[in-house]
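Colleague: Here's the letter readout for the chains.
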Amino acid sequence: QKEVEQNSGPLSVPEGAIASLNCTYSDRGSQSFFWYRQYSGKSPELIMSIYSNGDKEDGRFTAQLNKASQYVSLLIRDSQPSDSATYLCAVNSNSGYALNFGKGTSLLVTP
Amino acid sequence: DTAVSQTPKYLVTQMGNDKSIKCEQNLGHDTMYWYKQDSKKFLKIMFSYNNKELIINETVPNRFSPKSPDKAHLNLHINSLELGDSAVYFCASSTQGGTEAFFGQGTRLTVV
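If you read the protein sequences in the order shown, they are chains R and S.
With the working numbering applied, the first sequence covers 1 to 111.
With the working numbering applied, the second sequence covers 112 to 223.
No wet-lab data here; the hints were simulated from the structure.
Treat the hints with care, as some may be off.
[To be verified] In silico DMTMM-like cross-links for lysine to aspartate or glutamate, where the CA-CA straight-line distance does not exceed 25 Å:
1) S/K152 - R/E45
2) S/K147 - R/E45
3) S/K155 - R/E15
4) S/K155 - R/D78
5) S/K152 - S/D181
6) S/K120 - R/E45
7) S/K147 - R/E5
8) S/K155 - S/E169
9) S/K133 - S/D181
10) S/K147 - S/E211
11) R/K42 - S/E164
12) S/K152 - R/D83
13) S/K152 - R/E3
14) S/K182 - S/E211
15) R/K56 - R/D27
16) S/K155 - S/E193
17) S/K182 - R/E45
18) S/K133 - S/E211
[What the hints assert, rightly or not] Computed far set for chain R versus chain S, every beta-carbon distance over 12 Å:
19) S26
20) P44
21) E57
22) R60
23) Q70
24) A90
25) S106
26) P111
Note that CB positions come from ideal geometry on N, CA and C, so glycine has one too.
Only chain R is shown next, with the shape it has when bound in the complex (with noise of 0.2 Å):
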């Protein structure tokens, strides 16, 4: 079983619009949960980290947790061509020692 779950879309939404991004994980006792922004040839960059139960906002970003259903999202309002990139989610390991990723989910944000 695949530990970080992702649909490698590609996922297409016009400019202006809200990108949802969606990412699943196996390991129940997993409490630490981020999303990366990579862009072609470069390295990932943290955008969200989140927590707890809920949204956590950040400018046109929100980060949505539900560790009842093992499930974590981000959303990008109104969404700019310049969002157009790999968006990878990120849990901690079952040994507290790592991040696992998913494989990400590639973003084209058309203008």
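Fit chain S to the given chain R structure using the hints.
Modeller: Same frame as chain R, now just chain S:
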């Protein structure tokens, strides 16, 4: 002022060679990692070090040998390179294991 820096950025080498990648962080973090990103962009943990001590070794061939001379440095030496080792290798660090990790710029290794 780069937080996590790794060198070289690009590495092209022949099969059978030995090569090293160096990583340094100036964030004062206790934990450092090596991740491998394959051609399908999957980012997989290879090693995790906490305060110079190896914590995680994720079924990586023993041709890969990490070394941490101090908690700010984590180097990766690869012996007898194979075609399948071609990938982007990322160094990262965090305050402690499993917390927010910050990545270096990556080393694109191509084995020919």
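Colleague: Next pair to validate is S/K155 with R/D78; report whether the Cα-Cα distance is within 25 Å.
Modeller: 31 Å, violated
Colleague: Within 25 Å, alpha carbon to alpha carbon, are S/K152 and S/D181?
Modeller: Since the Cα atoms of S/K152 and S/D181 sit roughly 30 Å apart, the hinted pair is violated (cutoff 25 Å).
Colleague: Can you confirm whether the C-alpha distance between S/K147 and R/E5 stays at or below 25 Å?
Modeller: At roughly 18 Å apart (the allowed maximum being 25 Å), R/E5 and S/K147 satisfy the hint.
Colleague: Does R/E15 sit within 25 Å of S/K155, going by the straight-line distance between their CA atoms?
Modeller: 32 Å, violated
Colleague: When you check the alpha-carbon spacing of S/K147 and R/E45, does it fall within 25 Å?
Modeller: 16 Å, holds
Colleague: Hey, S/K152 versus R/E45, does the alpha-carbon distance stay inside 25 Å?
Modeller: This hinted pair holds, its Cα atoms lying about 14 Å apart.
Colleague: Does the alpha-carbon distance linking S/K182 and S/E211 stay inside the 25 Å limit?
Modeller: 17 Å, holds
Colleague: Since R/P44 was said not to touch the interface, does its Cβ keep a gap of more than 12 Å from each Cβ of chain S?
Modeller: For R/P44, whose nearest Cβ neighbour in chain S is about 5 Å away, the distance does not exceed 12 Å, so it is violated.
Colleague: Check whether the Cα positions of S/K120 and R/E45 lie no farther apart than 25 Å.
Modeller: 17 Å, holds
Colleague: Does R/K42 pair with S/E164 here, judged by a C-alpha cut-off of 25 Å?
Modeller: Violated: R/K42 and S/E164 sit about 28 Å apart, past 25 Å.
Colleague: Hey, S/K155 versus S/E193, does the alpha-carbon distance stay inside 25 Å?
Modeller: 18 Å, holds
Colleague: Would the least Cβ to Cβ distance between R/S26 and chain S come out above 12 Å?
Modeller: The claim stands: R/S26 keeps its Cβ more than 12 Å from every Cβ of chain S (closest is about 15 Å).
The structure shown violates the earlier hints numbered 3, 4, 5, 11, 20, 24, 25.
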